[in-house]
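Student: Residue numbers (the numbering used here), protein chains in the order written: chain A, 1 to 189; chain B, 1 to 422; chain C, 1 to 119; chain D, 1 to 169.
Simulated from the structure, these hints should not be mistaken for laboratory data.
Yeah, the Cβ is synthetic: ideal placement off N, Cα and C, and Gly gets one too.
Honestly, I wouldn't trust all of these hints.
25 Å max Cα-Cα, derived PhoX-like pairs, lysine-lysine [as the list claims (entries may be wrong)]:
#1 A:K17 - B:K320
#2 A:K16 - B:K271
#3 A:K110 - B:K373
#4 C:K113 - D:K163
#5 B:K175 - B:K373
#6 D:K147 - C:K30
#7 B:K244 - A:K57
#8 B:K320 - B:K342
#9 D:K163 - C:K30
Part of the chain C face toward chain B, derived, beta carbon under 7 Å [unchecked claim]:
#10 S31
#11 E41
#12 C42
#13 A50
#14 S55
#15 L111
Chain A regions said to be covered by chain B (calculated; three or more residues, Cβ under 8 Å) [stated by the list, open to error]:
#16 72–82
#17 100–113
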Amino acid sequence: MDIRTPVPTIYGDFAKKHMELWRGQGERLKSTFPSAIEEIRWPGESATDVPIFYVSKSQLVEVLRFLKEADGFEYQFLSDLTATDEEVEPRFEVVYQLASFVSGSRIRVKTRVREGERVPTATSVWVGANWPEREVWDMFGVRFEGHPDMRRILMDERWEGHPLRKDYPLRGYQLFPDPMPINVDLLKD
Amino acid sequence: MEKTVKHREFGLPESPNYSITVDVPHESDPDDLWKDSRVYVNIGPTHPAMHGALRMCARLNGETIEKSYCEFGYTHRAKEKLGENRTYHNFIVYTDRLNYCSALINNVTYAMAIERLMGVEVPARAVWIRMICAEMARVIDHLICVGINAVDLGAFSFFLYGFHQREEAYTLIEKLCGARLTTSYTRIGGLMHDAPPGWEKEVKDWVVRTRKTVQEMDKLLTNNRIWSQRTQGVGVFTREQCMKYGFSGPNARGSGIDRDLRRDQPVMFYKNVEFDVPVGKNGDVFDRYLVRMAEIFQSLNIIAQCADRLQPGPIWSEDKRVRIPDKDVVFNTMEGMIHHFKFFMAGFDVPEGEAYTTFEAANGELGFYVVSKGGPRAHRMRIRGPSVYHYQALSEMCQGAKIADMVANLGSINIIAGELDR
Amino acid sequence: MEYIPVLILMGFGALVGGGALLLSALLGPKSPNARKNMPFECGMNPVGDARQRFSVRFYLIAILFLLFDVEALFFYPWAVVYKKYLSINAFILLEMAVFVAILLVGYFYVLGKGALEWD
Amino acid sequence: MSKDGSSSFLTTRLDDFVNWGRKHALWPLPFGTSCCGIEMMATFASEYDIGRFGAEAMRFSPRQSDLLIVAGIVNTKMAPVLRNIYDQMAEPKWVMSMGACASSGGIFNVYSVTQGIDTIIPVDIYVPGCPPSPEGVLHALLRLQEKIQQGDTNFHRREREAKIGGGAQ
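This is chain A alone, in the form it adopts within the complex (with noise of 0.2 Å):
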């Protein structure tokens, strides 16, 4: 009784409904990029309730643009761009949900980072990356390549260690004399 088991009340039987033109997308992404699909989990087999595409780093933004743009694909909603510390190396999964609201179905990209690797910015596929991408630097420490202004996002700028990270202390914190000034040349043209 886990995850594979459709719960009537919640989403019923979204993963059966889909099951078929996720198939059908997956085939067509494999053969448009054979060799930047490390691995895709599918919802019966693993454990998961919408299939995981691993994507190499060096094609990401080309797959994800595809997944925008490509017919039959259509997942135009970014809904969330976040990270997971698995703590076996490769050490992070940054992870990107996509909806589209053609078909009304979702996927899951991820792409694993090693320590200290750079992952390429999806800010030129969707502006609204900027923000969650910068909290994934300020939470997990991967930093994203050409983005706009890579600085911490929840934290104070003068914080140090990477809060999210397993092998962060829950409690303890670092207080500063004065407030963050005015970024005065963030403002200039």
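The hints should help you fit chains B, C and D onto chain A, whose structure is shown.
Tutor: Just chains B, C and D now, with coordinates in the frame of chain A:
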């Protein structure tokens, strides 16, 4: 972390100089009288127009904002980190501190996310009560959002009308779960306890009174010349911009995107309830206000329909993993007491898996991405707050607008600091 | 002759205003410190100095307001004696009409020149 | 004013009168950051009208307010801001720490939250509850008014120390 400050140290570490002098460029040339030097202003965390603790720094040319950037994080409470350090049952308390204007929607969404991971089915009565709670929370969230938006532009009595209905809803919610704001009402696999008898009768009376009051509020403001001049054509956000920034909820519907998760991705019993989705046209502050007012009426209809269909029945699922033993079993039998102790101390195990469950919250698509590695605590608890994506668009929305319009824009996109900073 | 009430009124006004200021200066505790003397910038530390050059529009709007405000001031004494003199002859209306007409000319000139447009 | 800071008959009457005047005109600065801010709004709204106790004039600038109501969490990014606001308030000033988050960090004992604002600024009255009900806030306001009348708040302590210190210099 040697930088950690001792607990009882009084006051902040003193800093030598208090006014940090950064050279602000003065590029005003003397001969052009009309061109003035740019003013760098900081509309900081403690500001009446900034709901909660938000900050916007802007470069002004006279009254118009030329360039601005926004900041948040002033109420960051590390809920995602807590998600990894608290059992699933203990985390319920943190969910209603997310969008604290409509706490019940967060509870319902979180409970659904975990029940989906465990494959637990909740009985019909509990689902109907959850729907009533969710729609009631949506009504009071819209009331306070529209009310505060009106207060920022000067209409104080409009806010007081809305707040009165909100107080009545608070008394109903207090009867249901004992708390006005931080409800923590749902449990994984059911509800805290059943609704008191006659509760749905009072809900229906409240619906009738609220409908009358909101109609009065509508008459008070919608055709008000000052209100329409201050809001029509202000903060226009087109469909493409909304899609680009990942808008959802009333802000997206205000710009014409016809998407509502209650209809497009029906959870609970939204299929057997009739309601339609109001969609605006030109995406300005006035349309978002109209969409929210129309949604209040739709939600009131839904509440009335749900209250009619409420039948007595169990509110807990029979699944052994989440079912808390009844009190007499706990006090009289050894197994019951051990089960109760283990349930609350160690927490129940959620099978391995990951799921991203979304629900139409009051100001957008609220999502819980829960990754569990089989233990009693989540491996990763990601909360997708719609306010992050809406607040991100504020500087583009206020580009070239007056400061007073920025206040109207911020009020209309309904930023709640709790789910913005998580 | 009947200026005493006006003096009493002015004296009372000065008393209340001055008294409040005096009392708060005397009774009010004073503890200045560096952070208190810093200008209030929504809780942040101010950056740069406040002596900025403002555009002429603000000054223009201020002067226009002053002008029409003083014009409204002249209505008061006229309104007080209006009822008494109207019964004698209606010339009082003509006087005020001329006064307003002159200022209306000024108003339309300002409108024509577009001084009230903001940007 | 005798040397040990206790006051003679005349000044007691004046102090009582001044304290009486101050306690009935506490202009609040609503420092509402999170959920307690919504309950504070409910206290200011028409249902639990705080205007009945003289505290209706909500002021957002520290220069014109006497009572700093810290409603909601104060995390490490907000602590210097709170310190600035508190320092910039004119002298007869009191602090009401509303809610568990402000008083002790509440249920958020985490890396980003200061455990109680009394590690940042001196607090006069703590309001329990998460969030405290408006009746709780009004009760705390009345309790603070009593303390002001008796003269045993932080401000009065500072004033006495200043007098004794003043006398000693």
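Student: Determine for every hint whether it applies to the structure shown.
Tutor: Hints versus structure:
1. A:K17 - B:K320: violated, 29 Å
2. A:K16 - B:K271: holds, 18 Å
3. A:K110 - B:K373: With a Cα-Cα distance of about 17 Å, the restraint between A:K110 and B:K373 holds, given a limit of 25 Å.
4. C:K113 - D:K163: violated, 63 Å
5. B:K175 - B:K373: violated, 38 Å
6. D:K147 - C:K30: Cα-Cα ~21 Å, so holds.
7. B:K244 - A:K57: holds, 23 Å
8. B:K320 - B:K342: Answer holds: B:K320 to B:K342 is near 13 Å, not above 25 Å.
9. D:K163 - C:K30: Holds: D:K163 and C:K30 sit about 12 Å apart, inside 25 Å.
10. S31: Violated. Min distance 15 Å.
11. E41: holds, 6 Å
12. C42: Because about 3 Å separates C:C42 from the closest Cβ in chain B, which is inside the 7 Å limit, the hint holds.
13. A50: violated, 9 Å
14. S55: holds, 4 Å
15. L111: violated, 19 Å
16. 72–82: holds (count 6)
17. 100–113: holds (count 4)
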